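**Student:** The primary structure of each chain is shown beneath.
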Amino acid sequence: MTHPATPQYTLTELAERLGAQLIGDGSRRIRGLATLKEAGPDQVAFVANRSYIKDLANCRAGAVLLHPEHGAACPVARLELANPYLGYAHLSQLFDPILAAPVGGIHPTAVVAEDVVLGARVEIGPNAVVEAGVELGDEVVVGAGSFIGAGSCIGDQSRLHANVTVCHGVIIGKRALLHSGCVIGGDGFGFAHDGGRWHKIAQLGGVVLGDDVEVGSCSSIDRGALDDTVIGNDVKIDSQVQIAHNVRIGDHSALAGCVGIAGSTRVGKNCMLGGGVGLSGHLTICDGVQVTGMSLVTNSIHEPGVYSSGTGAMSNAQWRKNAVRFKQLDDMARRLARLEKRDQQG
Amino acid sequence: MTHPATPQYTLTELAERLGAQLIGDGSRRIRGLATLKEAGPDQVAFVANRSYIKDLANCRAGAVLLHPEHGAACPVARLELANPYLGYAHLSQLFDPILAAPVGGIHPTAVVAEDVVLGARVEIGPNAVVEAGVELGDEVVVGAGSFIGAGSCIGDQSRLHANVTVCHGVIIGKRALLHSGCVIGGDGFGFAHDGGRWHKIAQLGGVVLGDDVEVGSCSSIDRGALDDTVIGNDVKIDSQVQIAHNVRIGDHSALAGCVGIAGSTRVGKNCMLGGGVGLSGHLTICDGVQVTGMSLVTNSIHEPGVYSSGTGAMSNAQWRKNAVRFKQLDDMARRLARLEKRDQQG
Amino acid sequence: MTHPATPQYTLTELAERLGAQLIGDGSRRIRGLATLKEAGPDQVAFVANRSYIKDLANCRAGAVLLHPEHGAACPVARLELANPYLGYAHLSQLFDPILAAPVGGIHPTAVVAEDVVLGARVEIGPNAVVEAGVELGDEVVVGAGSFIGAGSCIGDQSRLHANVTVCHGVIIGKRALLHSGCVIGGDGFGFAHDGGRWHKIAQLGGVVLGDDVEVGSCSSIDRGALDDTVIGNDVKIDSQVQIAHNVRIGDHSALAGCVGIAGSTRVGKNCMLGGGVGLSGHLTICDGVQVTGMSLVTNSIHEPGVYSSGTGAMSNAQWRKNAVRFKQLDDMARRLARLEKRDQQG
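Those protein sequences? They're chains R, H and S, same order as listed.
Note that my numbering has the first sequence beginning at 1, numbered continuously upward.
Note that my numbering has the second sequence beginning at 1001, numbered continuously upward.
Note that my numbering has the third sequence beginning at 2001, numbered continuously upward.
Everything labelled a hint here was simulated from the structure, so no lab data went into it.
There could be a bad hint or two in this list.
[Said to hold, decoys possible] Below 30 Å or equal to it, Euclidean Cα-Cα: the simulated DSS-like pairs (lysine-lysine) are:
1) S:K2321 x R:K327
2) R:K321 x S:K2037
3) H:K1200 x S:K2037
4) R:K37 x S:K2037
5) R:K200 x H:K1269
6) H:K1200 x R:K341
7) S:K2341 x R:K341
8) H:K1321 x S:K2037
9) S:K2269 x H:K1327
10) H:K1327 x S:K2200
11) R:K321 x S:K2200
12) R:K321 x H:K1327
Here the structure is a predicted model, which is why all the values come from computation and not from measurement.
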């Protein structure tokens, strides 16, 4: 795949930017990254894991990013670094065509309210809409077709891709990355039930996102009922995630795709929720909790560790037999206890 | 968080609008709602639950909305009402800045087909698109960037937030509230399989939403294959919900976030589906059924009540041991029965 | 529901287009399709399933599409065909008002970069945005408000409905159908963890969709980290589906609503994933695998067949008792084995 405007660097430039030790010809021009097996002479590969060292022998890359202790096995130029996976992360950003693209200014088709406060070098794409009272920090990018509602505030260097929706009264920190289709600040789900029908509770709180938050495609973070929904610093949220009103998520936590968190639940710092995990409402999950994919958590968790629920997949024929027995499980347990008692008495 | 255009009321005005009994100074100006612990002198708090009465003593609110029987414990002005939670719902709507904002008319960048029928005081936001043959009732609001497909019809006082998609031939009742990113009327998922490949079945039905329906951010309601997909009156649908073609949902039912309902299933009136619940296709769920979060329902339900499936979360170490045994459950049941038989014979 | 621009055909025309044998008056005008019970004299119904033959007697349809062996039971005109369900699929496409609508050209409010390569009869709707370097094949339709990022390429006769997002560097084959709210090419979820925080791995791969791919409302397919995410030919993806970076899906596979597939997993050809199914990352699922609704697959599958996990729904009271026992399952299994041993020794 060729990208428009993909940047290029010499190996010397890359070594400087990464703080890596270069062994090889620094004038070689590098146009991208690839896997060890597929990298060609104008690409850099990396070895972040001992199990890939065997692939070094046949490597045709322009250079390989690796730990100094694996340098001897490398038949081509190399960039030595104590943490090659972190080096890969930094390198990947250097080659991101989105970050490399020139700043576009404010497109004439964008609809920007008169009183909007714009930082330096702000870009607003075609057909984007920015309502009254909004503040955009320096180098904020608002993608085509995106919407920012009245009174919202977006910190320096934050980037909204195309077709993002930020509702009114939302506060977003610095360096946020919001992917297409995500919605920040839709109403939380709150109703009073009376006289056989639902009466809406207007959601008067907002959403506050810390610095360095990423939100994936088609994810939604609902606004609070009275207080705000609060997402900490460096929280990473994948695609198709739903975060309900008044949830609070601690710094550095990561939520994989399709996670759903019900209202008012608090997730600690440095937590990791696997894909499709569901957390019930009004829970407290302490710092350092990991929950494996598609588990349901209905009680608060007070000890760090790894948690799971559910059953593994098996053939449908086998599953049908076992799933029927699940409905008899309490009965089985009672019968087992009865047998044990008789056995002891006998 | 401060909103633009947040409305203000005196306590006398609020008492009148709620039909509440005011005890205290009616001239006090109120600018918002807050929790009992955080409300200041220009905010109203509420007590909807006996367990919060203990917090009344330290309350600094401008007034508290509560049941008359708790009035004596309130150290500040109070609004007495038989159902304070319902009163909170009504009060919250009075302070909703979205509802309080002035009507914006039809923005010059909106693309509205010539034959569109517009009710009184319709608002169409910037860059919205309204196709031919559409009818919009009185006081309908179409948010920025929203799309309404050919021939669709939207009832009085319905509100589409920014970036909502209503496809062609969709009928929406009065007072609907559609949140950003939701899609009403995308194709249902139907194919004939022949010759080793799929042949699309065009989805010729529509979607009909009753009155007072709310649809959350990024939710989707697919159009029917031949007949319509039908959502009853006062049905409340949270974010990230998927409703497949030809589903029918009865009046006053509520679906929490991430619910998925497969094709042609009928859900009764006054049902409540917890977050992440899945209903298989072609089922009938009777009135008054509640399903707890992340349960899978594969058979019709004919008795009102609460239903569940799945297993609760535990430590991963504990879970691994138990989940392995789940695969042996049928075998365990047979061995248990054999032991019982031998025990009786012995 | 009446659609604008619904096409009409005589029975003779329909018989020709379907390759069906017509028995009856070929001059009758047909305006649509309906179920056997509801079809009127200007509509065609169909019998694809033996169990509906009993309904033929009271049928008022203008004609019925059925297998020749059921012809004698049909009281009205009939269209005989060896595979009536496939005939229904073809017929439904003839009546699709979307396909029948005239081509709209490039709307003056669309923002199309100067260097975009446009095939013949391309339609670009109002307020759509097409960035630099994009190529659109013949008869491509880009719906209102949709976005196509720099350097993307879309094959002949592909159709993007309103408010679709195709990010930069995405390759889409011929005859794709992308529904509103879907996002193709948002970033995959990749970070290096170092120094107590996350470091983003820029997602430099793209997304490649084969020919005849359908993607439902609000679904997301993330771009690859280095290599592309690849969706085969004739893959059908329902609404609210999440496909993570570097996933590969084989030809003719079908994914129902709310499926989530984690990174780098490979799904074979002719697979069918039920609603809400979750696949863990880095798995290989062979050709011809079916997974039933809401199952979690955490291991690779090497044999074609039907697979399941989870437990069926029951009353909450019953479930609570059994779910508690699930946590004791390993203990129960050990106790059972002990009893058996004692029984054999005794």
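**Student:** With reference to the structure, classify each hint as holding or not holding.
**Tutor:** Hints, verified against the model:
For the hint pairing K2321 of chain S with K327 of chain R, the CA-to-CA distance comes to about 9 Å; that is within 30 Å, so the pair holds. Using a Cα cut-off of 30 Å, the hinted pair K321 of chain R and K2037 of chain S is violated, with the two alpha carbons roughly 39 Å apart. Proposed proximity of K1200 of chain H and K2037 of chain S is supported: the alpha carbons are some 23 Å apart, at most 30 Å. Restraint check for K37 of chain R and K2037 of chain S: not satisfied, since their Cα atoms lie roughly 61 Å apart, outside the 30 Å limit.
Using a Cα cut-off of 30 Å, the hinted pair K200 of chain R and K1269 of chain H holds, with the two alpha carbons roughly 18 Å apart. For a cut-off of 30 Å, the pair hint linking K1200 of chain H to K341 of chain R is broken: about 62 Å separates their Cα positions. A distance of roughly 15 Å separates the Cα atoms of K2341 of chain S and K341 of chain R; the hinted pair therefore holds under the 30 Å criterion. As the CA atoms of K1321 of chain H and K2037 of chain S are separated by approximately 53 Å, the hinted pair breaks the 30 Å bound.
Note on K2269 of chain S and K1327 of chain H: the hinted pairing holds, with a Cα-Cα distance of about 28 Å set against a maximum of 30 Å. In summary, the hint linking K1327 of chain H to K2200 of chain S is not supported, as the alpha carbons are separated by about 39 Å, beyond the 30 Å threshold. For the hint linking K321 of chain R to K2200 of chain S, the alpha-carbon distance of about 45 Å lies beyond 30 Å, and the restraint is violated. At roughly 9 Å between alpha-carbon atoms, K321 of chain R and K1327 of chain H fall within 30 Å of each other, so this suggested pair holds.
The structure fails to meet hints 2, 4, 6, 8, 10, 11 from the earlier list, while all remaining hints are met.
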